[in-house]
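Mind docking chain Y on chain X? Use the hints.
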Amino acid sequence: MTAPWLARAFLRLTVPKEELEAILGDLEEVHRWRVAVRGAKTAWLLTMHEAFGIGSRECRDRIADGMTGRWISGSEVRLAARLLLRTPMMTATSVFALAVGVAVATIGFTSVDAILNPRLPFEGGDRWVSIEALDAESRHSRSVEATLFERWRSESRTLVHVGAVRETLVNLALDEDRVAVVSAGFVTPSTMPLLPVRPLHGRAFTPADARPGAPPVVLLTEPLWLRLFEGDPDVVGRSIRLGDTTYTVVGVLPNEAVYPTLAELWVAWSAQDLSAHLDSGVSDTGVFGVLSAEAQPSDANDQLGSATMAWTDSRPDQPAATVLVRRVGEVSGGGAPSALLIAVLVGALGVVAGNVGNLVVARTAARRGELAVRSALGASRRRIVGQLAFEVLVMTVLASALGFAATRLLLGALDDRRTRDLPVTMDFSVSPRTLLFVFFATLFVATVAGLVPALRSTRSNASDALRAAGRGSARGIFGWFGHTMIVVQIALSIGILGAATMIHSGWLTQYVNPTLDVPAEQLWMAGLIPPTGIDRLQADALSEEYLRRLRELPDVRAVALSTHVPGTDADARMIEMERVEGEAILRIPTIDVGPGYFGAVGHTVLAGRGLRPEDYLPGAPAVGLVNADYASQLLSDRNPVGTRVRAAAPADGEPGPWIEIVGVVGGPSLSAADPERTGGLFLPLRNLDATQIIVRSIERPSGFGAQARATAFSVHPRLLVTGDAVLSERLGNVRRIYAVMGSILTGLGVVILVLSLVAVYALLSFEVTRRTREIGVRVALGAARADVVVPIARRVGSYVVVGGVVGTVFGLGLLWMAREMLVLRFPATGAGTFLTLTGLVLASALLAALVPVRRALGVRPIEALRAD
Amino acid sequence: MEVKRLTDVELLLLLSVLRAGESAHASSIQEVLATQGERTTSLGSLYVTLTRLEERGLIESSKGAPTAERGGKAKRFYAVTPAGLAALHRTRSVFERMWADVPQPERG
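So the sequence lines, in the order shown, correspond to chains X and Y.
If you use my numbering, the first sequence corresponds to residues 1 to 868, in order.
If you use my numbering, the second sequence corresponds to residues 1 to 108, in order.
The following block holds chain X by itself, in its conformation from the complex (with noise of 0.2 Å):
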């Protein structure tokens, strides 16, 4: 466990050389201890603030030794120092900006390079080849068959090893009572010599694995032997069930074993397998190979392309296939996404530094009078600027730390390549030369808006030079650009923050607080997935068989399938609907139900008739249900039964079937989030994929998982009982991750704000202060405060008025959009929302004007005569 990073790059920049190595050594050896005696997250903070405590000391014994070199003495840098606090809103305020756009830069750049250019996360990741096969015609992507496999394995000399994996998920018993359902990738054993992971225990899988009649063996991830194992090393030589077949466990893998696959389980998978599997058609295999020294994708793409074309050769009567070789993560057609990723971080960048410009340039045109008094009483030009520049770099310096800091907590979610959801092959850790390049561009637009203005206030003679501060001429800085961007930049955060605020309380109001008519203490839930390679028929009569088997375990009141879990969106599917109003086609949320839905979930029909064992035959007319709501939402109260509606024409097709309304259910709300959507419509489910079963039993159903799978396994093996969870558990996190969520979007909304609000401080206070003199002029020609103060008010009125109303319009369109994709219903009070923010940023921007206004309003009439 070696120090922070942060740290250790703190005091590399802060303390000298001769002294760096001993400190350095120092704070390893006392950072040890603390995480032996402390633990990892206090040593962290402990040594991190010992290493601030370090560099700062440094610094300061530095700067009042007068050490900083001949461009500045030790007294100009204390007066910089001072300056720095003597505006600590301003410099507070600048350091804010300029580490938003260091994290922004920084967080931009390290994810366009994740993306653009994927990496395996080992040494020779990138001689890591993927090879699809695709039909030459369409090329779209097709199953490989084995004897393709085979050719390629056989013929390819620019590749050491060609290599197969599949992932699924399978049954895993430890007893009959014990049963998991974990994620299994098998993998050709030959492959694991190649890859850089050791085991914790045991071995790897050999060559010799994969011939016919070796005994079946696995290896477990780190993660999995510890949650199902408790970590017992004795695990290797243990036999476990997978499905229908025993496999020994040979070993386990640490943590960084991630890839040819991310499951929690490899599987030795042989050659015998891999055929069978491979001629079965089912395309969910991933070949893969690696390069041999000198070969470049392209290379292997020529050579697997002509055995391939060799092997369709060999088969006339079937569709010609060609071969497509590229490193591992790396995605064809993703030249435009990239190029508009990489459009918007230079747009953001734009802006942030446009801000930051902005605000650096305001700040020192504030104080172009001070710099030239300095100049016209001896100050060299030299020292001015390098004073200033001082100013800049320690507002960088420290701007870098908190950017970076922030950078890190962000991206450090992302580290764990298991957990965080994303291909293997990005990566996100921030490289030693974007943040290098991140802290010097920042430095070089933080110098060039901080020393332009002042080169410009020094470039004269003093007379000159005081005249013209005197004056405050300053006019081009900010030009007609200035203004639109400040306009833009309201309207902007108007918009986005309002749309933010907005979906984070729809989403708080109806999915962290919902009104639930379900009871979610007592309904269990769980997907069922069917064994792969039986038919329908087969299928269906293995989900009959659990639900019987189900309703016969003790406390189970009833057990039905569904494809909606209550208390969240059902899926809105286009409905043609038949109206006295004429036909509409609308989006309708729907949901497929199996026998006994309504009484598991505790819902009575209304009226006409529900759902029989009949309606579910195939071959019977076709028959719905509709909720309440449905009536009063979508035909104006009027009683849906004997209505038809049918599954509108997709554009290439067909409508469906016109379905007959039989009977009205009381209750069921189909959205979580719009309470204007609720209505909607139940058909009889006759596609078991993707079902969700829904088991209601009387008492409390935790604990409840472990029966239903060891019970799924009793009837089948394969059959999977997955993502099990009581339904209020399952609600909770669907509400933890969307406050999440919303706090995110809130989070970001603020930022963009508060940039816009220092846009808008620097460049009132910056024309203001410009208008100092002439302000005394006008006062001191008799013209009234109210004279004075009125236009400047106006100009902030406007900005904030034309940025309002922009803003609100964007706004608006992006809850219309999130509307519509989201399905969510905002409070009604949308366009307060949008009000609310622009008087606050209207009162804000007068408050940024103010300062100045008052400093302009003291000047005394006599001094801003005498200066004209």
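Keep in mind that the hints were calculated from the coordinates and are not lab data.
Take these hints with a grain of salt, some might be off.
To be verified - With a Cα cut of at most 25 Å, we get these calculated SDA-like pairs of lysine to any residue: (1) K73(Y) - T419(X); (2) K63(Y) - R8(X); (3) K41(X) - T419(X).
Source: prediction; values computed, not measured.
Just chain Y, lined up with the frame of chain X:
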């Protein structure tokens, strides 16, 4: 040679350097100061005082060889100079003189 007076912190630090013996370096001095001197201090403050003592000629430092437990970094060893020892003794004699007539607190 004039023997300089020592502050409370300097006194404790000099004694800690002596107690840490030949292997006295920042983290071992910090440990001695914490365990025997009953005073916790950050590395940053420690360096400041050590540098000051070294500038005053009361201690001297030398660089050691890199070690694995410090991530391959070398140590800076500190030792008390004769001047430092003299300052310690003088401070002690001042303290003893000052303590001579201080009564014990009454118990009860």
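**Hint check against the structure, violated hint numbers in rising order** = 1
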